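A.B. asks: Given next are the chains, with one letter for each unit.
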Amino acid sequence: MSKEYDVEQLLHFYQQMFRIRAFEEKTNELYQRAIMPGLAHLYIGEEAVAVGVCEALRKDDYITSTHRGHGHCLAKGASFDRMFAELLGKHPGYCHGKGGSMHIADPDSGNLGANAIVGGSAGIATGAALSMKMQGLDRVVVCFFGEGALNEGLVYESMNMAQLWKLPVIYCCENNLYNEYTPYQETTAGTFLGRPAAFGMNAVEVDGQDVLAVYEAAGQVIERARKGEGPSFLLCNTYRFYGHHVGDIDRSYYRSKEEELYWMTERDPLKLLANWMLDRKLTDSNVFTQIENEIRAEVEAAVQFAINAPYPPKEEVDQHVYA
Amino acid sequence: MSTPNAVREITFGQAVNEAIAEEMRRDPRVFMIGEDIAEAGTTFKVLKGLVEEFGKERIIDSPIAEAGITGIGVGAAMTGMRPIVDIMFGDFITLAMDQLVNQAAKIHYMSGGKWSVPMVVRTTLGATRRSAAQHSQSLHAWLCHIPGLKVIAPSTPYDAKGLLKSAIRDNSPVVTFEDKMMFQLKGPVPEGEYTIPLGVADIKRVGKDITLVGTSSMVHVALEAAKILAEIGIEAEVVDPRTLKPLDTETLINSAKKTSRAIVIDEGHLSYGVTAEIASIIADGAFYYLDAPVKRLGAMDVPIPFSPALEDLTVPTPAQVVEMAKTLCGRV
Amino acid sequence: MATEVFMPALGIAQDTGKLLEWLVQEGEKVTKGQPIMVIETDKTTVEIEAPASGVLANVRAQPGEDVPVGQVIAHILAEGEALPAPTPPQAQTQPSIPSAEPPTKLISPVAARLAAEKGIDIQKVPSSRDRVTKEDVLAYLAAQPQTQKASPPRVLASPKARRLAQEAGIAFGALHGSGPDGAILAADVLQAIQNRVPPTPVAPQPPVAAQPFAASRMWKTMAKRMAESWQTVPHFFLESEVNASALLAWREQLRARGHNEVTITDLLLKLTALALRQHPRLNASWIGEDIVLHQEINLGLAVMVEEGLLVPVIHKADQLGVLEIAARRQKLIAGAQANRLSLEEMSGGTFTLSNLGMFGVSAFSAIINPPEAGILAIGTIEEKVIAQQGQMMVQPRLRLTLSLDHRVVDGARGAQFLQTLKGLIEEPLRSLD
Ligand SMILES: Cc1ncc(C[n+]2csc(CCOP(=O)(O)OP(=O)(O)O)c2C)c(N)n1
Ligand SMILES: [Mg+2]
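Residue numbers (the numbering used here), protein chains in the order written: chain A, 1 to 323; chain S, 1 to 332; chain R, 1 to 433.
Calculated directly from the structure, the hints in this document are not laboratory data. None of these values were measured; they are calculated from a predicted model. Careful, some of the hints might be misleading.
[What the hints assert, rightly or not] Subject to a maximum C-alpha distance of 25 Å in a straight line, what follows is the list of computed DSS-like cross-link-like pairs (lysine-lysine):
#, chain 1, residue 1, chain 2, residue 2
1, A, K257, S, K48
2, S, K56, A, K257
3, A, K271, A, K3
4, S, K165, S, K208
5, A, K314, S, K186
6, A, K257, S, K45
7, S, K227, S, K295
8, S, K48, S, K227
[Unchecked claim] Pairwise CB distance ranges, derived in the manner of DEER restraints:
#, chain 1, residue 1, chain 2, residue 2, range
9, R, P109, A, Q135, 42 to 48 Å
10, S, I228, R, Q144, 33 to 39 Å
11, S, N102, A, G77, 41 to 47 Å
12, R, Q337, S, G330, 52 to 58 Å
13, A, Y156, S, N102, 52 to 58 Å
14, R, E167, S, N102, 48 to 54 Å
15, A, Y253, S, E57, 14 to 20 Å
16, A, Y262, S, Y272, 52 to 58 Å
17, A, E29, S, G55, 36 to 42 Å
18, R, S216, S, M110, 53 to 59 Å
Built from N, CA and C at the ideal position, the CB exists for glycine as well.
Sequences are here, hints too, so could you generate the full structure?
C.D. replies: And the structure:
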């Protein structure tokens with residue numbers, strides 16, 4: 001940790017990460033209680049990536065997200081009530097219930113949209129960066145994607161153009177070790193960093209469980225992009241604690257319980273930050289408890305809001321097909 | 001009515017699994033490639049057990065690279081193998097479209113019949129799983145539009161197995177669309193070897209008052225509607241084309257000639273889709289036998305919405321079929 | 001000059017004829033009077049003879065085609081003759097549009113559109129100036145009989161209903177549609193068929209060894225016409241028994257004068273023609289949605305021949321004497337039996353007589369021969385005991401059954417006609433009144 005942080009900022013990071021954790025735990029519960037339609041891909045375990053990156057972004061910067069997108073959306077400023085409403089297919093949701101878990105989009109927070117097509121947002125993010133450059137705006141775009149997306153052609157077509165034209169875009173690869181149920185080693189030749197290297201693109205690898213490390217690395221590449229020095233590839237090594245989606249309960253055929261336990265106990269980004277602060281006596285554990293209680297209460301209220309919210313009226317179905 | 005009296009009932013998913021396993025035992029050239037198809041046995045677990053029997057060399061877990069695995073399938077097919085390419089969701093076939101449309105479909109023709117592409121692409125269609133716009137589409141019409149591709153859309157475990165076996169043995173590229181909501185559907189499937197030829201429709205219910213043409217899971221919507229209609233004295237005939245390309249036009253036309261009314265039900269979007277093609281074939285072939293316009297029911301022309309409150313409005317239901325049939329039969 | 005072969009008009013209000021076959025192929029020699037083609041009209045199937053000798057050329061109609069009457073469908077070229085040259089281009093500047101059929105006259109675009117809209121053949125419209133103009137088309141239209149002008153309003157009907165109606169010869173005009181916007185559905189047509197056809201006892205099963213019998217073309221035409229008539233024309237029937245004493249006496253007088261050929265049929269033809277003159281409404285047709293009264297009284301006579309039934313026509317029968325009628329009848333029957341009737345002799349009938357008296361039939365109902373509105377069925381003359389002024393007496397009696405198209409004639413008008421006819425038969429001298 002090279003930077004100096006004040007306690008408020010550190011607690012804010014904790015708060016942001018816990019918001020995601022609490023939201024996702026509630027989502028899992030909503031699924032298990034059969035209140036939420038469909039499935040959701042939980043972000044628990046990876047919170048430091050979204051928070052570290054988004055804290056380094058300005059409000060008017062853009063992100064694109066993935067099927068595992070709740071964390072990105074919340075970190076960029078989405079609110080609980082409208083998120084839950086969207087997850088439950090309710091009218092006040094971010095997309096009036098039309099998008100659901102995998103498609104949350106919100107111009108107010110600079111969210112170009114979550115995408116259920118693996119690698120599908122690489123073009124969008126790169127195009128937004130081109131647009132910023134053409135309009136002379138100093139906004140930066142972060143393209144979040146999982147390591148599985150590194151096998152889709154579009155990602156490379158986009159990275160090539162971004163580097164060629166020095167576009168202000170960050171390709172943030174969240175390597176959580178698995179493409180669905182398959183370890184990345186079985187699907188990926190060569191190294192992750194060898195890929196940006198082929199284009200001569202700036203690349204940084206970071207511990208995705210350490211929010212401060214992510215924040216600092218992100219800050220560097222974002223500033224670089226903002227200054228017009230071109231795109232970067234930000235590799236964050238992380239882990240999802242739960243299944244590929246909420247229904248993925250039996251995981252023994254592709255990863256071990258021990259592995260999961262190790263990450264949950266030794267590599268939990270929230271615990272890591274809390275312990276780091278406690279070690280330095282920057283705060284005491286009651287503060288964390290207080291933050292957690294406040295957030296859980298907020299989640300509870302938001303869920304009640306979403307449950308009580310109306311479904312979209314029938315007329316909504318053919319609205320917004322064309323602009 | 002070709003379902004034999006079989007004692008054994010298995011699910012649609014098991015039928016698909018059996019078809020692939022039997023063909024792989026029969027022909028060492030057959031192999032599968034796709035995302036999460038080995039130990040995971042696909043997201044829908046349909047292929048469970050295959051990797052244990054055939055090993056990772058023939059059940060190949062691929063990177064997430066739809067264009068790549070389809071292209072690889074084309075090349076392997078041209079040079080002596082018989083690949084089955086698994087595209088997890090029908091929505092992702094768009095990523096493989098160049099390989100399917102510009103390559104697989106045209107190679108035999110462009111080469112003057114010198115090369116051929118004996119490949120099967122296995123994918124899904126169907127909504128109502130609350131999976132939203134990028135995981136719920138029924139894009140089969142896209143492929144039906146392309147000369148050189150064959151397209152099947154089975155509706156029962158029996159048909160799924162028999163058609164898939166024929167598809168694997170076919171020397172042209174065949175795309176099979178399975179409704180992801182039907183994998184748990186049970187039905188009689190005889191033990192032992194059988195195939196169903198491509199291009200032959202099946203009459204799933206005999207009737208005389210109106211023809212309901214259903215594809216894939218819409219066959220069950222049609223059958224459900226037929227049951228309700230029977231209660232008010234309308235005997236619907238349910239025709240399942242089974243193969244969408246090439247189409248068994250004769251069976252479709254003859255049924256419409258017999259009943260003088262027809263509704264075509266398919267889960268693809270209504271505009272420019274499978275229903276339009278079949279309706280036009282019926283209108284043309286049975287024109288002087290029709291007592292009412294040929295009607296169509298398909299997915300509403302909107303991206304499939306996530307919210308159950310909206311999603312259920314977008315796909316044809318038995319109630320809609322019943323209403324339409326009553327109107328056509330002058331019963332309202 | 002090359003001789004035109006065209007689709008002849010054979011009947012009243014006939015606008016197309018169907019070419020069934022060419023008996024001579026293009027390029028073959030023909031002699032004038034030799035049958036060259038077979039055509040079918042709404043009445044009959046006839047062979048058309050070559051109008052000239054030469055070689056058949058420029059054949060423009062194929063078997064099965066419906067051709068507007070008057071349209072040229074071939075030419076006959078004399079030895080060494082060529083086809084009429086296409087009209088030479090009007091001016092150098094005109095673009096030459098390659099066309100299979102050179103235009104026979106200049107037509108203004110407006111005139112062409114108007115003609116198409118009104119459903120008339122522009123080639124038939126005479127031009128008043130160098131080209132056919134809108135005015136010419138309007139003048140032509142005005143000159144046409146009323147009934148040809150108004151095309152009936154389009155009837156809503158399902159394709160199946162149309163096919164069934166056509167097969168059964170049902171006219172939509174009489175039907176009530178139960179479909180949306182009153183569209184006629186198949187069920188409506190089936191209902192109409194059921195209502196029309198008197199219930200028949202269950203058809204006996206054909207014997208197991210029944211051989212399909214190849215009906216002749218003439219028979220098939222008759223079958224089709226009769227079925228169409230029975231199913232389309234709302235028939236009704238009037239019966240009357242008349243005293244035939246005077247009729248028999250009349251024939252005796254003629255025979256006494258050496259006119260052995262005259263038959264009861266001839267006398268009845270004469271008297272019917274006279275009665276029709278007094279009741280023009282029976283000498284009429286239902287065409288489109290209108291009644292058309294015919295100028296001439298042309299009496300058809302049903303004649304049985306080997307191949308089926310023919311109805312040769314005695315034109316203007318009301319203007320002929322009995323002897324003339326007898327002579328015509330003899331010639332027509334001979335022609336019919338030898339299959340040598342001319343077109344003229346086969347067409348243009350406005351009312352028909354059918355006499356089965358010679359077979360001992362007391363009375364029968366006949367099916368109308370469309371587009372005629374009536375047919376008179378004549379039974380045998382039988383001596384019967386009748387009561388007259390309280391006395392029993394024996395008298396030769398004749399039963400007449402009149403079938404009429406109710407769209408043209410109602411019961412009262414039909415009865416008045418029958419009354420007139422009865423009077424004429426019982427007192428033939430009345431015809432001189
Ligand atoms: C084009 C496409 N192919 C396949 C899928 C199915 N799918 C959804 S998530 C996923 C795995 C993605 O792995 P990764 O990119 O590593 O993201 P993670 O789920 O690990 O966050 C797959 C294959 C998809 N959504 N889109
Ligand atoms: Mg991953």
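A.B. asks: All the hints need checking, so say for each whether the structure fits it.
C.D. replies: Results of checking the hints against the structure:
| no. | hint | in the structure |
| --- | --- | --- |
| 1 | A:K257 x S:K48 | 22 Å, holds |
| 2 | S:K56 x A:K257 | 24 Å, holds |
| 3 | A:K271 x A:K3 | 20 Å, holds |
| 4 | S:K165 x S:K208 | 33 Å, violated |
| 5 | A:K314 x S:K186 | 33 Å, violated |
| 6 | A:K257 x S:K45 | 21 Å, holds |
| 7 | S:K227 x S:K295 | 19 Å, holds |
| 8 | S:K48 x S:K227 | 35 Å, violated |
| 9 | R:P109 x A:Q135: 42 to 48 Å | 57 Å, violated |
| 10 | S:I228 x R:Q144: 33 to 39 Å | 56 Å, violated |
| 11 | S:N102 x A:G77: 41 to 47 Å | 43 Å, holds |
| 12 | R:Q337 x S:G330: 52 to 58 Å | 53 Å, holds |
| 13 | A:Y156 x S:N102: 52 to 58 Å | 20 Å, violated |
| 14 | R:E167 x S:N102: 48 to 54 Å | 50 Å, holds |
| 15 | A:Y253 x S:E57: 14 to 20 Å | 19 Å, holds |
| 16 | A:Y262 x S:Y272: 52 to 58 Å | 53 Å, holds |
| 17 | A:E29 x S:G55: 36 to 42 Å | 41 Å, holds |
| 18 | R:S216 x S:M110: 53 to 59 Å | 58 Å, holds |
Comparing the model with each earlier hint shows violations of hints 4, 5, 8, 9, 10, 13; every other hint is respected.
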